[in-house]
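These protein sequences, in sequence, are chains A and B. Per my numbering, the very first residue in the first sequence carries number 1; after that it's consecutive. Per my numbering, the very first residue in the second sequence carries number 1; after that it's consecutive.
Check each hint, because a few of them may be wrong.
[Claimed, not checked] Calculated cross-link-like contacts (lysine-lysine; reagent style DSBU-like; alpha-carbon spacing at most 30 Å): (1) A:K74 <-> A:K710; (2) A:K766 <-> A:K547; (3) A:K269 <-> A:K547; (4) B:K103 <-> A:K710; (5) B:K273 <-> A:K601; (6) A:K228 <-> A:K279.
[Stated by the list, open to error] Quick list of simulated restraints, FRET-style, between CB atoms: (7) A:T725 <-> B:E17: 40 to 46 Å; (8) B:W296 <-> A:P708: 55 to 61 Å; (9) B:E39 <-> A:A743: 15 to 21 Å; (10) B:L50 <-> A:G432: 56 to 62 Å; (11) B:Q24 <-> A:V705: 25 to 31 Å; (12) A:H788 <-> B:W296: 55 to 61 Å.
These are computed hints drawn from the structure, not numbers from a lab. Ideal Cβ positions, reconstructed from N, Cα and C, are used throughout, including at glycine.
Read off the chains here:
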Amino acid sequence: MSKGNIRQSLLFRTHPGFFRERIAPLFPQVDFRNLKPTDLIRILIQSLWLAVFRTHPQPPRPRVHIRLWRRRMKQWGRRLSRAIPASWRRRMTPIVIRKQMEEIARHDVWANRPMGLVTYLLTVAILLIAIITPFSLLSQLIFMLLLWFIALSVRRIPGNLATMILIVLSAIASGRYLWWRINYTLNWDDMLDLTLGFLLLGAELFAWLVLMLGYFQSARPLQRQPVKLPDDLSQWPSVDIFIPTYNEPLDVVRPTVHAALAMDWPSEKLNVYVLDDGKRPEFREFAEQAGARYMIRPDNSHAKAGNLNHALARTEGEFVAIFDCDHIPTRSFLQVNMGWFLVDPKLALMQTPHHFFSPDPFERNLGNFGVVPNENELFYGLVQDGNDLWNATFFCGSCAVLRRKPLEEIGGIAVETVTEDAHTALRMHRLGYNSAYLKIPQAAGLATESFSAHVGQRIRWARGMIQIFRLDNPLLGKGLSLPQRLCYGNAMLHFLSGVPRLIFLSAPLAFLLLHSYIIYAPALLILMYVAPHIIHASITNSRIQGKYRYSFWAEIYETALAWYIARPTTTALINPHKGSFNVTAKGGLVPEEHFDWSISKPFLVLVVLNLLGLVVGLWRLVDGPDHEVNTVLINLGWGSYNLMILGAALAVAVEARQVRHAHRVEFSMPAALLLPDERYLKAEVRDFSLGGMNIHCDERSDCYVGMPLKILLRAGIRSFAFPATVVRSRGGLLGVKFQELTAQQEAELVQCTFSRADIWTGWAAKRPLDRPLTSLKEVLAKGLSGYHRLFHFAFPRHAQPLIGQARGFLGYLATYLPRQPVPGP
Amino acid sequence: MSIKTDCQNGDLPRVSEDVLSLQQSTPGLEHYRELHQCEEIREIRHRWPLLDAEPVPPHGFLRLALPGVHHSNVVLVTGVAGGAGATTVVAGLAARMQHSGRKVAVVDLSPGQDLHLHLGNRAEAGERGGKSHAEKVAPVLIRHSDRPACQQLPAQWLADCLSALPRDALDWVFIDCPWYLESAFHQANALAGRMLVVATAEPGAVHQIGQVFGNLLSGESPGGADIHLLINKVNMAIPLQRDLHALLHDSPPARLAPAEIPHDSRVANSLAKRGTIGDFYPDCEAAHSFRILADWLNESRIGHLETGS
Chain A
1 MSKGNIRQSL LFRTHPGFFR ERIAPLFPQV DFRNLKPTDL IRILIQSLWL
51 AVFRTHPQPP RPRVHIRLWR RRMKQWGRRL SRAIPASWRR RMTPIVIRKQ
101 MEEIARHDVW ANRPMGLVTY LLTVAILLIA IITPFSLLSQ LIFMLLLWFI
151 ALSVRRIPGN LATMILIVLS AIASGRYLWW RINYTLNWDD MLDLTLGFLL
201 LGAELFAWLV LMLGYFQSAR PLQRQPVKLP DDLSQWPSVD IFIPTYNEPL
251 DVVRPTVHAA LAMDWPSEKL NVYVLDDGKR PEFREFAEQA GARYMIRPDN
301 SHAKAGNLNH ALARTEGEFV AIFDCDHIPT RSFLQVNMGW FLVDPKLALM
351 QTPHHFFSPD PFERNLGNFG VVPNENELFY GLVQDGNDLW NATFFCGSCA
401 VLRRKPLEEI GGIAVETVTE DAHTALRMHR LGYNSAYLKI PQAAGLATES
451 FSAHVGQRIR WARGMIQIFR LDNPLLGKGL SLPQRLCYGN AMLHFLSGVP
501 RLIFLSAPLA FLLLHSYIIY APALLILMYV APHIIHASIT NSRIQGKYRY
551 SFWAEIYETA LAWYIARPTT TALINPHKGS FNVTAKGGLV PEEHFDWSIS
601 KPFLVLVVLN LLGLVVGLWR LVDGPDHEVN TVLINLGWGS YNLMILGAAL
651 AVAVEARQVR HAHRVEFSMP AALLLPDERY LKAEVRDFSL GGMNIHCDER
701 SDCYVGMPLK ILLRAGIRSF AFPATVVRSR GGLLGVKFQE LTAQQEAELV
751 QCTFSRADIW TGWAAKRPLD RPLTSLKEVL AKGLSGYHRL FHFAFPRHAQ
801 PLIGQARGFL GYLATYLPRQ PVPGP
Chain B
1 MSIKTDCQNG DLPRVSEDVL SLQQSTPGLE HYRELHQCEE IREIRHRWPL
51 LDAEPVPPHG FLRLALPGVH HSNVVLVTGV AGGAGATTVV AGLAARMQHS
101 GRKVAVVDLS PGQDLHLHLG NRAEAGERGG KSHAEKVAPV LIRHSDRPAC
151 QQLPAQWLAD CLSALPRDAL DWVFIDCPWY LESAFHQANA LAGRMLVVAT
201 AEPGAVHQIG QVFGNLLSGE SPGGADIHLL INKVNMAIPL QRDLHALLHD
251 SPPARLAPAE IPHDSRVANS LAKRGTIGDF YPDCEAAHSF RILADWLNES
301 RIGHLETGS
């Protein structure tokens, strides 16, 4: 008998691999082949833990739970549906319900004016009753659960009527909340409570107003489509294209001019003007050589508006198309847009979306370019389209066509404010002219290059809009319809959101730090009212805006700007004549990742305050009176949420590296490579810029780095060859850089790429639908990453090893922790 | 340009692909006008005045298309000018067809009589009567013993040759015959159901296209051969070729074949290696073009060769 066998038979009667297969997996943190003295402690701890808790690796339970739960739900559903007659069941699919809803909406009853009026009045009456009836806690709970149930069952049904139902539900929930807030939750006995309470209530009323106006504005986007132009080319009107520039580099302006010249419009009716306020000779030389006209003026009064007005007085095209110097139009821009002008002689403005092919600071610094809709998309995807229904689309300064006659009637582009565009549109609307919006991206440009530049741009917009609000208030004065007034009013209100946002960010501190009851009500009751308000607003907004803005992202966008627009808007509200025009910097570089301390100061203050509030709150949770526990908990939750949002704002202040001179545009198009030995390879462009391309080619192995080649691209029936050099061959892609292109070749390259009619159409198609909870998780994760980065940059480089050591030590301590056994082989 | 401009565009899409894709995503743009492109075409015509020269009046070397039974599987390939690459196209198509398992005969009526060089090993195997499968389906090469340029082809020579082939044994017959060999071309034209006119995007060829199509199309009877223009050896890196290519697409003298063959040094390399491009570089774009052409022919084929009729 061998030694091993003896051991087996005497001690355990085990098979040879027993230890390796059964025992070792129970101690995943211990390496039994290389035992250390401290492993004894680990084994001890783990054994104790195993003795107390389960010893076998378990399959992930909760999922099974959920699956089981779902299956049961389905079974119940089936049982329930069997109880319903088959003829009814057939009627209950979303599509059928939608059809029925549409039938109701189309019913002749609505055409009958008195009948419609009665219905509206009835609806308003019911709404009012639903809002102001006081409920007990239980009835409020039941009522809100009912509303919630309706909302959940309606929100998947396509069609406009379902949206309207959601809006009404949200209006009821929010209305009830505010009614309750105004009537029952102000502590009139305590001055501090009352003051702070009024501040919060004011902010909430503002948010409510913006929410309701937002519903009004975006409930029913018009979704206008292009109109056919006459067959006879001689009936097509003449168009002047203005490209104002001031201090942008020539590289930014060149593609715009090339693309403008390549538009599909009769050449004798198309004039491209470069309006150079920088008065640079190289611009003149370039414009003349490219075939555009060059114009300067003696002074620079009134910045862009003055520049445009100067050109307006010296040209005579029937229409004027205006492009910021970085907005490269597609060749189809005019044919898409001009049809409506010929159909509607009162149409003065046609606006198209501003599309950006470079990431804006949010996208770049949060790393979500192309994944999450950017800040602009809500406005150009939904708000402007919604405005169009009410004939209230306004001019956005670029990518738009204006009719000369009305423009001259109002005395050219408005110069009184720093947002000349919206003011111009407002004046044309006052004269009874129409505006229109086509939601087809037909031009694209560069987003602002840094967060501070972005803030600067938004300060200008905010100040300008408030200036208009003061100087030429759309709510007053003549010529506008009520919906137009509301749409303009909402656009301006939107920029006043700075102060309310700051109030929301610091509201929990009132209770946590100052012990002030700003909402003077029991915690449970608050929850019962505020939760439906928030939930319904989220559901409804997710349905209306989901394609253009994911839920909760607005929090980040608005928080990041809140402090900076709060001051100028307040100033402009008091003194509208202060402030000047600043040009938004574009096309710049960020050589190294860094934290923008100066711009994040206000966030840091808020973070410190909120942290302090949390600490005090936790202390009060332990040490405070029992009846306050719920209130403290609610405020702690609110405070932590604020901290997360502030963290995301901090993350935006970490400027990611940006070293590309020309931004890459991801787009697939066929191409071919012509090698120096005259071999012809088929290829596909994956992304491009005017500096180079990434190309997929099956015969990539034939190309070495440094190889000169020619890239063949097509534009319509024409083909062009561009000399280039291979700069890298990696990951299935061939990176090429264009060699010195002649001016002619550069224009051709623009025609093959940026000028393509379909270049911006498929942009958002790949994005998934909005999922509020996922989105919330992501927003919170961005908040956490903000703190992580803050920590990283707060400690200068020589402190880095310290962090590393601390991490290492914590990691070492973690090896002592008991852990789940690994599943056996 | 001395070509017929009122002919239909045929296989050419009406608008460019980018406009097409915009139209698909956006209703209301069905009448898009590609004006900038039109202007450039006008400029190109202005830039190369030769192409706008008056067409040479027909000399009568091509009489009206002969009445005859046009077999849909007989393809006449003729070069617009010498060196356009008709022989290469015949060899490439034959090789491709053979590769996909079709039985092919090729008729070499070119003055150079060099088709067998293109077919290389393949033709020799065919002549030897090889044993393996690949060799069994090797193309049957038909040549006139004398150089056709020197001598009038006997009447009915081609029809007799084809009827001598076993009935139903052949899927495709490719005839390589230049249009200026009058008697041979007439015989081929009377039999072929399809004619591929091979042209290069070079000034001489483009000028000739006008002559050739002026003759071919004016004489086209309803039952005549189905004529397509195949553009060969396009080198877009050369501005003149690029312009001519755009012109040919803008106002094609005949319907365009679904693919064109790019200029690729590997086509010539393959000939030097005694084979076709598909043999040595099956993945390259030129081989791909032959594949597209062969598939196109196969799809459009209506019936089998009825020998003897």
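Open item on the list: Hints numbered earlier in the text: which of these fail when held up against the supplied structure?
Closed with: When the structure is compared with the hints, numbers 1, 3, 4, 5, 6, 7, 8 and 11 turn out to be violated.
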